[in-house]
Amino acid sequence: MNAGEREFQMVCPVPLPPGETILLGHGSGGKLTAQLIRELFVPVLSGSDGDASQLSRLGDAAVVEVNGVRLAFSTDSFVVQPAFFPGSNIGELAINGTVNDLAMMGAKPLYLSAALILEEGLPMATLGIVTASMAEACKLAGVALVTGDTKVVERGSADGLFITTSGIGVVPEGVEVGPARARPGDVVLVSAPVGSHGVAVMSRRAGIEFESELVSDTAPLTGLVEAMLAAGDVRCLRDATRGGLASVLNELAEASRVSITAVESDVPVLPAVRAACEMLGLDPLYVANEGVCVAIVSPEDADNVLAAARANPLGANAATIGTVGDGSPKVSLKTGLGVTRPLLLLTGDQLPRIC
Amino acid sequence: MCLGVPGKVIEVFEEEGLRMGTADFGGIKRKVCLEYAPEVEVGRFVVIHVGFAISIVDEEEAARSYALLEEMGNLEGIDLPQDPEGVRG
Amino acid sequence: MKFLDEYRDERIARALLEDIARAATRPWVLMEVCGGQTHTLIRQGIDQLLPSNVELVHGPGCPVCVTPLALIDDAIATAKRPDAILCSFGDMLRVPGSEEDLFMARAAGGDVRVVYSPLDALEIARRNPDKTIVFFAVGFETTAPANAMAVRQAKQLGIANFALLVAHVLVPPAIMAILVSPGNRVQGFLAPGHVCAVQGWREYEPIARGFGVPLVVTGFEPIDLLEGILMAVKQLEEGRAEVQNQYVRAVQRDGNAPAQAVVAEVFETCDRAWRGIGVIEKSGLRLREAYRAHDAELLFPREGVPASESEICIAGLVLRGRAKPSECPAYGTLCTPEKPLGAPMVSSEGACAAYFLAGRERVEAAT
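Chains A, B and C are the protein sequences, given in the same order.
First residue of the first sequence: 1499, per this note's numbering; consecutive thereafter.
First residue of the second sequence: 278, per this note's numbering; consecutive thereafter.
First residue of the third sequence: 9, per this note's numbering; consecutive thereafter.
What the hints contain is simulated information worked out from the structure, not anything from laboratory work.
Fair warning: there could be bad hints in the mix.
[Unchecked claim] Using C-beta positions, here's what the derived DEER-type ranges look like:
{"#": "1", "chain 1": "C", "residue 1": "R89", "chain 2": "A", "residue 2": "A1623", "range": "31 to 37 Å"}
{"#": "2", "chain 1": "C", "residue 1": "E108", "chain 2": "A", "residue 2": "P1621", "range": "45 to 51 Å"}
{"#": "3", "chain 1": "A", "residue 1": "S1763", "chain 2": "C", "residue 2": "E289", "range": "45 to 51 Å"}
{"#": "4", "chain 1": "A", "residue 1": "R1702", "chain 2": "C", "residue 2": "G117", "range": "21 to 27 Å"}
{"#": "5", "chain 1": "A", "residue 1": "A1704", "chain 2": "B", "residue 2": "E347", "range": "22 to 28 Å"}
{"#": "6", "chain 1": "B", "residue 1": "G294", "chain 2": "C", "residue 2": "L307", "range": "23 to 29 Å"}
{"#": "7", "chain 1": "C", "residue 1": "E246", "chain 2": "B", "residue 2": "E347", "range": "34 to 40 Å"}
{"#": "8", "chain 1": "A", "residue 1": "A1704", "chain 2": "C", "residue 2": "R19", "range": "39 to 45 Å"}
Ideal Cβ positions, reconstructed from N, Cα and C, are used throughout, including at glycine.
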C-alpha cells in the first residue's frame, strides 16, 4: 500500500472527558456540566489567557485589568425552549442574563453585544417581537447594545432561534466580590423565591404543560446588587440560573473551599411553584431561576444587607437561608425533621417522575 | 407507583367521550381525567396520578384521623431530640 | 397544599417517633414496598430517626428499577426507528439498557419525548399520523388504569398509530416471592398506598393470613410513614397479622371499581421478568387479544438478545430487601448515578440512588 492509499485517521490530541457524545445533561448546570468545564475547557483553554487563568476562577464574569481600570467581561447563550414563555421571552432573558453575570462581580454593566442564530423558516414577526423585547430590556437595565451579528442556519438546526450576548462593565474601586471569598461564619442570603422561572417555562412545554399564573422572574439585578454592596461586606454573589439554588451553593462551596449548610424551610418558594414541583416530582432547589441571586455576607453586616435587599422591589422576599462552615467543600441541607443531609449536584437535568 | 398529588376539582366537562376536569393543585391547574372518579363533584379533592384521578379524598376520615394525630402532637414533644446527624451510620 | 402539607408537621412526626420507640420492645424488620415511600424515608432521614431496633428494608416498588432489560432495549430500538416516536415518563430516560439509555438514544437522533400522562402521548399520536407513537407503559397497579384508558381511547377513536410497550408489574406476587425466598428477614410490610387506592386491600388479606405477617396500607408523607410504622410495630408486638389501613383519606377496602374494570377490559395477567429478581409467575400485565393491534411488541418484534447484567450489580438483593445499597461493594465507587451499573442507582426512587443522594456512606454488610 502506498502513502496515498493508507487510511488517514484523525486522532484528537486533547484528553477527553469520558463519554462519546455530548448529552443534554452536559448543559444542565449539574455534575456533567462541571465535568466538561473542569476536564476539557479549563485545562485546554486556560493557557491562552495571560492573566493567571481567569477561566479557572469560574466566576459569573471575568474581571480583567486594562490600563488601571477593572473591567468585568461575560458571555452567555440562550437556547430556551419554548422561546416564548409566561412573562417573558428569549430576547429579554438574553439581555438580563449577561447584565446579571456582570452585576454578580460587582460591576456596573455598560455595553452588550448580541449574536443571533436564526433557523430558516422563523417567522419575521417572531423575530420582531424578540428584538423589541431586547431593546426594552436594555433600556430597563441601563445598558447599550453596541454590536451584533446574525447567522441563518438550515431548517431543523436551531429550534427557532439561539441568542448569545456578551457584555462589559466597570468594577468600581474597592469592590471585591468573587466566588472564592466565602469564609466560615459568613451568612448565606437568597434575594427572591426560587424555582419560578423553570416552572413557568415548564408550564408551556409540550407533554407536561399546565395552567398557572406563574411568570418567569427574569429581571436585571444591577440596582439590587448595588444596594446590597453599599450596605455591607458582600463577599460572594452568584445568580442562580440553570441547576438552581443547589448548584450555586455547590459552586460557591467548591470555589471557596468551605462547607455550607442551608435550612430547607428558610428557602422562599412561591406556593404555586411548590405545587407544580409536587405534581411533577421535582425539587425546587434544583429548578432554574433568572432573577435570583445568592449572596454570602460577613456576619456583622448580614442584617443590613438583608434589609437593603428587602427595600428593593426585586428583593422584597429576600431571606437568610444558611451559614458557611469550615471543613471540606460540601453543601448540607437541614430538613423539616431536623435531619441534615447532603445537597449534592445532580448529574443532569431533573426529570418529572411517576414514582 | 406512586406520585399521587391531591388536587381540588374546579371544573367538570366532557371531552371525546371521556369525563374530564380541571384540578387545582394549590395554584397550578391541569386538565385531568375523571373517568375513575365518576361521582366527584366540583369542590371535592381527588388524588391525581399521571393525569388521572385514582381516588376521591375522604375528607371526613382525614379530619377524624388527623385530629387524633394533632392531639398526640400536642401532648408529646416537650423535649425534642437534637439533630441526630452522625448518630447512625 | 391541602392534604399534603399537614402530613409534614414536625411536632406530630416527633410524637410518632417517640411512640414507636416506646412500642418496640424487640427488634423488628419492616419493608416499605413502594419507591415513593423509600424516597421520602431516605430524603427526610426517617430511617435514621427510628429507634435502632426498628429496621426498614426497601422493597422492589420502583417500576423503573424492575422493568426488564429486554424491554428497555426494545424502547431504545423503537426510539431509533425513523417511523416511530417513543413517549415515556421522565424517570425511564436514564435507566441503562444493554448498551445505552434513552437519553443516549435521543443524542443519537432517536425521537424520545417525555410526557406527564399517557393521554399526552395519545395526543402526540393524533398530531403525527405518519409515525407510530409507542408509549412505554411501565408502572404498578397505580398506573395501569391510566395506560389502559389511553389505549382504549385509541381503539375507540380509531387512532391506529398508537401502541403500548407494556411493562406492567403487580405487587402481591412480588411480596409473596419475597416472603418465600430463603433467608427472608421481613416480618411486616408497609403496603403501597396508591396501588391500594386503585386495588383496595382485599388481595393482601390472604397474604397476611397465609404468611402471618402484618401489612399496613401506608401513604407517602413523613407522618403517613411514621404512623404506618407505628401500626405495624404494634401488630408485631401484639402478635397480630392483619391488613390495616393508615392511608384512610385515599384508600378503601374495595379500591376503585371503575379503574379495575377498565384494566380488566384491556389487560390480562401474565408471567413477568423482574429486573434483578427473575421471573415471577402471574406478576405482570399484557394487552388482551382485542387490543393486540396496539401492542408494540407485536408491531416491532424484538431483534437480538439483551446483554447480561453487570455481575457486580446486586440490584436483585437490594430490591428484595436482602441487602442495603450501602453494603454493595460497588456502591459509590464503580456504581454512581453518573455511571450506574444497575437500575436502582438511576431512578431517584431506586434505593441505591436514594442512599447515594442522601450521602449515605459505604458500610460492611452485617453477617
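Hints, one by one, checked against the model:
The hinted range of 31 to 37 Å is satisfied by R89(C) and A1623(A), whose Cβ atoms lie roughly 36 Å apart. Between E108(C) and P1621(A) the C-beta distance comes to about 37 Å, which lies outside the given range of 45 to 51 Å. Taking 45 to 51 Å as the suggested C-beta distance range, the pair S1763(A) and E289(C) conforms, at roughly 47 Å. Between R1702(A) and G117(C) the Cβ separation comes to about 25 Å, which falls inside the hinted range of 21 to 27 Å.
With their beta carbons about 43 Å apart, A1704(A) and E347(B) fall outside the hinted range of 22 to 28 Å. Between G294(B) and L307(C) the CB atoms are about 25 Å apart, so this pair conforms to the stated range of 23 to 29 Å. Checked against the given bound of 34 to 40 Å, the beta carbons of E246(C) and E347(B), roughly 25 Å apart, lie outside it. For the pair A1704(A) and R19(C), the beta carbons lie near 43 Å from each other, so the given range of 39 to 45 Å is met.
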